[in-house]
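Colleague: Here are the chains, one letter per residue:
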Amino acid sequence: MKALHGEGNSAESMYIRYAPVLLSICLRYCGNIADAEDVLHDGFIKILRNLSTFSPRANGTFEAWMKRIMVNTALNHIRDHSKEKKFLDIDPLTERISNEEPEGTWFDDLAGKISQDKIIEMICELPAGYRTVFNMFVFEDYSHHEIAEFLGCTENNSKSQLSKARGMLRKRLYQFYFKQFEPDEKANRQS
Amino acid sequence: MKKQTDKVDDFFRKSLQGHIVIPSEAAKAGFLKEAATLEERGKISRKWYFYLSAVLLLVSASIGLFMSRPVQEMKKTSSGNLNSLVSGFHHDNKAKTGITVRPSEHKITERQNRVSTNLIQKSDNRKHQECDKKNVLLAQTAIVQSKEFVKPETYSNIIITYSSTNPPEEPQAKQQAVELQSTVFTKPERKEMTMMDSLKIQQTKSADANLAEYSPAGNPKHGSGSNPKNWNIAIGVYYAPEWMFNTLEGEKYGNNFGIGGTFHFGRYSIRTGAGLSITKGTNELAINYNKYIGNYNKLDSILFAWNETHTKLMPTFFFSNENVWDSLMKVADAKVVKRYTYLQVPLILGYDFWQNDHFSIGLRGGPILSVLLKTEVLSDNYDPGKNKIILINRIAPERIQINWQILGGINTTFHFSHRLGFELEPEIRYYFNSVYEKSAINKKPWSVGVHAAFIVSL
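One line per chain: the protein sequences are D and B, in this order.
Note that the working numbering gives residue 51 to position 51 of the first sequence, counting from 1, and the numbers run on in steps of one.
Note that the working numbering gives residue 1117 to position 117 of the second sequence, counting from 1, and the numbers run on in steps of one.
Simulated from the structure, these hints should not be mistaken for laboratory data.
In this text, all values refer to a predicted model and were calculated from it rather than measured experimentally.
Cβ atoms here follow ideal geometry from the backbone N, Cα and C, with glycine treated the same way.
Do not take every clue at face value.
As the list claims (entries may be wrong) - Derived pair list, reagent style SDA-like, types lysine to any residue, alpha-carbon separation capped at 25 angstroms:
id, chain 1, residue 1, chain 2, residue 2
1, B, Lys1028, D, Leu110
2, D, Lys179, D, Ser115
3, B, Lys1280, B, Lys1335
4, B, Lys1028, D, Trp106
5, B, Lys1252, B, Tyr1436
6, D, Lys171, D, Phe181
7, B, Lys1014, D, Leu110
8, D, Lys164, D, Ile119
9, B, Lys1028, D, Asn76
10, B, Lys1443, D, Thr53
11, B, Lys1291, B, Lys1252
12, B, Lys1014, D, Glu121
13, B, Lys1252, B, Lys1014
14, D, Lys67, B, Lys1252
As the list claims (entries may be wrong) - Here are the computed distance ranges between Cβ atoms for each label pair:
id, chain 1, residue 1, chain 2, residue 2, range
15, D, Glu149, B, Asn1321, 24 to 30 angstroms
16, D, Ala58, B, Tyr1296, 38 to 44 angstroms
17, D, Asn156, B, Lys1335, 51 to 57 angstroms
18, D, Ile16, B, Leu1328, 22 to 28 angstroms
19, B, Lys1330, D, Phe178, 40 to 46 angstroms
Whole structure, please, built from the sequences with the hints as guidance.
Modeller: In structure tokens form, the structure reads like this:
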């Protein structure tokens, strides 16, 4: 209760309870732990300042409300830090990304065999534009229209970025799978 | 429009469910430091309202005292002048003067009365002695001086009487005094006047009204509100029960009490003060939890040691107790009763449209500032037992820190005496903002109540 009231050691208890989950979100958006911790800090300060405005009827659950604040803080952080780069308008990838799925059932076999940290690492390796669109579309469930409105780009740009992000991640997953499990598969087949 | 699902999206979404990253200690320390600063700022800003309220009260009291001071000084100065007039008059006459000062009404202070009485006695003893011109002129001068401190209309009603040259015996001497208007003093032909037996100051009925304003009680009566200088200050204690409507919890009852000061200015008044408003509120909570199922002894490790006696390896088992909770999340409703204490600072303007000796009726209206002082939990807090709490949602939000209201009421005041009185004021309040920090109710709260107060005029 104190966490919701802003009394006593509430800030600390709130931080201990929610920071790990929220830092995961920040890391997905920022791509590195240093920026993610900065965003987490700013986001928590916003949460503390706006605790009195939280209403379950208007904002849903407390955790969902915090997540929204954290996502918005992360997006603002990315937007502020990419003003010079204009990352959304420039496609930093020079490699060719194929949307064609590699053959085989490797993708289904991969489920449960890859750690969460590795998955996060793959997301973090995406270029900022791809990463942002992918996170907003997949995890925050934004539509392309909303993403375009928020990021100040066109819907087609958003769709293109998402498609490229998917292709890139698929490729990374494929590389990971065949690097880790293919020798075993070959051995099994030989035996 | 339904989104197209993609295998990659689903894979990442499912894989990252429940993913956490533990923040570094440096990040945690940085946040806690800033959170402490924020909390401190919040406390300071809350204190700021107390200081503001205190300053407002002090300023109001100072203005009231400052404005009341000139009249008191005027009274003292006026009576002092008259005393000096009479004393000087007597001294210069070498006990040859007879002056009758009859303070028939309240205009002349008691001190003046005493001096006048002495002079009457002395005049009786020496009533046959002559009064020279010097004394008359002295009296003229003194009265002119006193004129500066007496309202012109009052002065015009003062009648100064000269006795005849051979005044009759006491007590008829005073009765047979020949009344002369104050203008007589200016006539030069009266130089030959040999004796002034008495100086009689009377007040007419019209003067009574003027005198009433200088009465110790100072209550505005007898239609004295029309006189612009008719004012006083009253302090009192009040209690005002209040029924509030348009709240999340339905009708609410509140108690307001405190001290107040009223500055009366004729028919008009300004009331301020400081009071406490105490109300109870119920906070509804929706608590998501996992039910506690039980516990078991978890085998942490087994240590095998060679036993020489039995010539075999003897195992030692190490266990730890582990609790088990149901994975199904349940929701419990809990209610916490709290008491909220607000500091209230009113600024109420008033107009009495009907007044008499013991009773007055008027209108009152003005803003009230409420600042939340403290919140106390009256009921027991929710006890989750061994259940694991996942989330606590507040259904009824917390009370707002600062609230503005406007009040309107009809005031009836009963005056038991010049000093004591009792106020009864049915009133209605409109709240400019909700009493909650975040309310789903669009309608603004309002309330009805009765303001009852005992007042003492200063």
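Colleague: Would you mind marking each hint as holding or not holding in the structure?
Modeller: Results for each hint:
no., hint, in the structure
1, B/Lys1028 with D/Leu110, "violated (35 angstroms)"
2, D/Lys179 with D/Ser115, "holds (15 angstroms)"
3, B/Lys1280 with B/Lys1335, "holds (13 angstroms)"
4, B/Lys1028 with D/Trp106, "violated (41 angstroms)"
5, B/Lys1252 with B/Tyr1436, "holds (13 angstroms)"
6, D/Lys171 with D/Phe181, "holds (15 angstroms)"
7, B/Lys1014 with D/Leu110, "holds (12 angstroms)"
8, D/Lys164 with D/Ile119, "holds (17 angstroms)"
9, B/Lys1028 with D/Asn76, "holds (22 angstroms)"
10, B/Lys1443 with D/Thr53, "holds (18 angstroms)"
11, B/Lys1291 with B/Lys1252, "violated (36 angstroms)"
12, B/Lys1014 with D/Glu121, "holds (16 angstroms)"
13, B/Lys1252 with B/Lys1014, "violated (49 angstroms)"
14, D/Lys67 with B/Lys1252, "violated (36 angstroms)"
15, D/Glu149 with B/Asn1321: 24 to 30 angstroms, "violated (54 angstroms)"
16, D/Ala58 with B/Tyr1296: 38 to 44 angstroms, "holds (43 angstroms)"
17, D/Asn156 with B/Lys1335: 51 to 57 angstroms, "holds (53 angstroms)"
18, D/Ile16 with B/Leu1328: 22 to 28 angstroms, "holds (25 angstroms)"
19, B/Lys1330 with D/Phe178: 40 to 46 angstroms, "holds (45 angstroms)"
Checked against the numbered hints listed earlier, the structure breaks hints 1, 4, 11, 13, 14 and 15; every other hint is satisfied.
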